[in-house]
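Trainee: Put chain B on the given structure of chain A with help from the hints.
Protein chains: 2
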Amino acid sequence: MFNDFQLMDDRPVSIQVKEYVKRLIIKGALQANQKLPSTRELSTLLGISRNSIISAYEGLEDDGFAYTVHGRGSYVAAASTGAAASSAWRLDWGARMNERAQMAVELDLMKRGIRAEKGTISFTSIAPDEKLFDLDNVKRAFMDRMSVEGNVLLNYGYAKGYKPLIDYLLRYMDHKGVDLKGKDLLITNGFTEGFDIVLSALSKKNGSVICENPTHNTAIKNLKLHGFEITGIAMERDGINLQELEQALSEKAFDCAYFVPSYHNPTGIVMSPEKRQRLMQLMMRYQVPVIEDGFNEELRYSGSHVSPLMATAGQGNSVIYLGSFSKVLFPGLRVGWVLADRELIDYLESIKRARSIHTSTLDQSILYQYLYNGNLEKYLKKARTEYKRKYEWTKQCCEAHIPFEQLSGDGGLHLFVAFEEGFDTRALLEACSRQGVIFTPGDIFFTKDGQGRNTMRIGFSRVADEEIGRGIRIIGEAAKQLRG
Amino acid sequence: MFNDFQLMDDRPVSIQVKEYVKRLIIKGALQANQKLPSTRELSTLLGISRNSIISAYEGLEDDGFAYTVHGRGSYVAAASTGAAASSAWRLDWGARMNERAQMAVELDLMKRGIRAEKGTISFTSIAPDEKLFDLDNVKRAFMDRMSVEGNVLLNYGYAKGYKPLIDYLLRYMDHKGVDLKGKDLLITNGFTEGFDIVLSALSKKNGSVICENPTHNTAIKNLKLHGFEITGIAMERDGINLQELEQALSEKAFDCAYFVPSYHNPTGIVMSPEKRQRLMQLMMRYQVPVIEDGFNEELRYSGSHVSPLMATAGQGNSVIYLGSFSKVLFPGLRVGWVLADRELIDYLESIKRARSIHTSTLDQSILYQYLYNGNLEKYLKKARTEYKRKYEWTKQCCEAHIPFEQLSGDGGLHLFVAFEEGFDTRALLEACSRQGVIFTPGDIFFTKDGQGRNTMRIGFSRVADEEIGRGIRIIGEAAKQLRG
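Those protein sequence lines, which keep their order, are chains A and B.
Counted from 1, the first sequence has number 242 at position 242 by full-length UniProt numbering; the numbering is strictly sequential.
Counted from 1, the second sequence has number 184 at position 184 by full-length UniProt numbering; the numbering is strictly sequential.
Don't take every hint at face value.
Intra- or inter-copy, both count: the list cannot distinguish identical chains.
Stated by the list, open to error - DSS-like mimics (lysine-lysine), calculated; alpha carbons at most 25 Å apart, straight line:
{"hint": "1", "residue 1": "Lys176", "residue 2": "Lys275"}
{"hint": "2", "residue 1": "Lys252", "residue 2": "Lys224"}
{"hint": "3", "residue 1": "Lys224", "residue 2": "Lys204"}
{"hint": "4", "residue 1": "Lys131", "residue 2": "Lys163"}
{"hint": "5", "residue 1": "Lys275", "residue 2": "Lys252"}
{"hint": "6", "residue 1": "Lys163", "residue 2": "Lys176"}
{"hint": "7", "residue 1": "Lys390", "residue 2": "Lys378"}
{"hint": "8", "residue 1": "Lys35", "residue 2": "Lys176"}
{"hint": "9", "residue 1": "Lys163", "residue 2": "Lys111"}
I should point out that these hints are in silico values taken from the structure, not numbers from a laboratory.
In isolation and in its complexed conformation, chain A is listed as follows (with noise of 0.2 Å):
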């Protein structure tokens, strides 16, 4: 005994050697009441100061592992030892899981994704580049609150969110025209809680959600999660078809609509203003409430400022504005917000607290200090020019090497590619992966099994310039033999 201790990490050696026979005594190869070696003999055994063998057995008595016999020595206590492990019954969790948690998995991507080997071309995310992140201003943010009141920050915080970060935002959306009166924000860990508290809220009365088709993968997966059945309206250059919309509307009631309507993912569309203003008195006409993403709608680097759909409705309260600058500033920082009618956030904030009781003080107290340190502005300024270069570059190179039928992105962080109809982004993502390059094949962001077999999304923000020629390239020659 005793000869397979090793130092192994930074600890204090001291704690090392307490850890060390704790787990003996756990483990059952010490006994109850059996005497542990004098600290000397222990200190020779292990090569280790006296000392530190000294204060590893003071430690052993004050978690309870050892007690001391008055001249005679330490010993092992005798309520520490002997797990019941004969008997160890093992079940099977899989048949105890129950119908949703089998679709969490089924409809889970990350487990079914291509994983990108080390040198491959991928154009499969749509995070932002970190070489962007001032983290500089990210760390004196960080400095600067906790020598405001440190002590607040690590002590529970309320589930509705920081306070002071709540006040920005709230003026935040109120200088993109939102009607604020009657209305109330709540902070929740990023757009995809944020989308998944209201979810779990509507009463679902008709059971079923319309949205853009295709759109973001999550929310189709957390609508049918929740048991939504899901009615997508086709696109248009300029945002949904609104023909269909209106059709699809007379036909069926629905509990409400998801869109997005900046950067639309994965299209990259901006609805024009005049769509926006159509698309509202539609839901106005029609009595469907609004989720609106505003997935990031701060990056727009061209053409002309639209309001949100939130800004449209005026003083109603039909649209729950689901916010984060995830996609924006830093996706490390968990942090959305859902800003819409008071006496909704009301509900929605108890939900909020049942579930995880607040959002983590400290992301949210650094995104507050980093915003008030006015970060945001010149951050954007600096990423806007960067992705705008680069969706610039990105959009050429489809243009010169891939034969699409159609290329959509008006900015962001992705462009989506249509071929004709027939043609299979799958066996292309094969012929392209076999070359070092990936990317998201769009059939799964439709809402019907088969749809959009013949579109993938191509995301650049994390990509060098260089390889974005290359990767294009490849993706253009391999889809040219495909259709011989």
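Mentor: Same frame as chain A, but now just chain B:
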């Protein structure tokens, strides 16, 4: 116009001017294609340097709110104006909330609790005392980690969690005697999210759960929200009553059990090692899986070590362990973990991803670095000493002043008081709050309405010694008066 401009915050002046003009445009005070004042004019009107105005106009153009006609000046962009605020549609959100959302509000104690006014002595909290927080070590952990991989921390992480922290926690649980073979670990936003995710995955074959009575109120709430019927088993001095438990197990099938073996909330009882063994044998015999709440296990500052139930289960896979340092270290860092059978964790990971993508990487990495820097042991030593002192002082005060029938609590951050049947702690609370003292009435911890009306929880962690003395005396006197 332009006469209501005010410099309001610390942001650059040019940005404040830009935002101000933007709002005039969005709200319709400036019309499409209207000429903006010259930079010189506006500089005079607002009393702000011309450079700031020039920079503000550039910003407006960048954002699509204005355009320049060469040699003539700046104009309001056409597409940026006008919200269709006229025909605002207002809907009744309350009528669109489902049963679960209604229930979440009803069961939301934070919305019905007594608010502590300034100067009140509040025994309602069992959050840690923030005066103990070692802020410098937290700051150091942040700076250390940011310098190692700041870019990685701020971009997307993994649903399962931050790898270094997962590995650290696996070792940590190994040291507690848990057999890790076939097990895996998922990081969550604290205990609550872990519990909620587990409940959302379990199939409701029987629709019923068994647990201690009283028990953690958030657990009761979430069990109800997930539609489980709850069978509560009474507590004895050393933990759950095993006879009563076996009786219940033999009469009915349960989908799972929920236990808080250490510093049980609200009774403060630590289940004896012998009882843990016998409890696990019972659960094995009746084939009921166990959700173990590792609540405050780290705080034990007296008595001998007791292994978690999961260690007792050895190689079995029937225990789901929910861990958190919230009450021990910093509740503001929303980090907890689920340690369980690998297959189960795979399901939970997909649910976690669907709900919130992943837990804040910053929180996880700060916690990891804080632990890695060896702060936990030192901090626990300090915290245990402090809480032990407070515990003993509170207990002494209770024994001196409160005419209880039973007092329990083996340490931790709270004590539990039971008066004779028929005594009403809600009436006691009313009397005490008039004298500036509040506590948590015990009924909220009981699984059936109307139970425990003669009980109360006294959380002492955040109350100063002098106030503990004064507050308990007031409670004691009010109790004596109430009994007449």
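Trainee: One pair to classify: Lys131 and Lys163, alpha carbons no more than 25 Å apart. Within, between, both, or neither?
Mentor: So Lys131 and Lys163 pass the 25 Å test across copies only (22 Å; inside, 31 Å).
Trainee: First find the shortest C-alpha distance between Lys163 and Lys176 inside one copy, then the shortest across copies, and answer within, between, both or neither for a cut-off of 25 Å.
Mentor: Within one copy only: 20 Å inside a chain, 39 Å across chains, cut-off 25 Å.
Trainee: Which holds for Lys35 with Lys176 at a C-alpha limit of 25 Å: within a copy, between copies, both or neither?
Mentor: Answer is between: at 21 Å across copies they meet the 25 Å cutoff, but 73 Å inside does not.
Trainee: Within a copy, between copies, both or neither: where do Lys224 and Lys204 come within 25 Å Cα-Cα?
Mentor: both (13 Å within a copy, 20 Å between copies)
Trainee: Reference check for the pair Lys252 and Lys224, CA-CA at most 25 Å: within, between, both, or neither?
Mentor: Cα proximity of Lys252 and Lys224: one copy only (18 Å, versus 34 Å across).
Trainee: With identical chains, the pair Lys176 and Lys275 could be close in the same copy or across copies; at 25 Å between alpha carbons, which is it: within, between, both, or neither?
Mentor: Within one copy, since 18 Å is at most 25 Å while 61 Å is not.
Trainee: Could you place Lys163 and Lys111 in one of the four classes (within, between, both, neither) given a Cα distance threshold of 25 Å?
Mentor: Only across copies: Lys163 and Lys111 sit 17 Å apart there, 37 Å inside one copy, limit 25 Å.
Trainee: Tell me, please, which holds for Lys275 and Lys252 at an alpha-carbon limit of 25 Å: within, between, both or neither?
Mentor: Within one copy only: 22 Å inside a chain, 59 Å across chains, cut-off 25 Å.
Trainee: Given a CA cutoff of 25 Å, do Lys390 and Lys378 count as a within-copy pair, a between-copy pair, both, or neither?
Mentor: within (19 Å within a copy, 50 Å between copies)
Violated hints are absent here; each numbered hint is respected by the structure.
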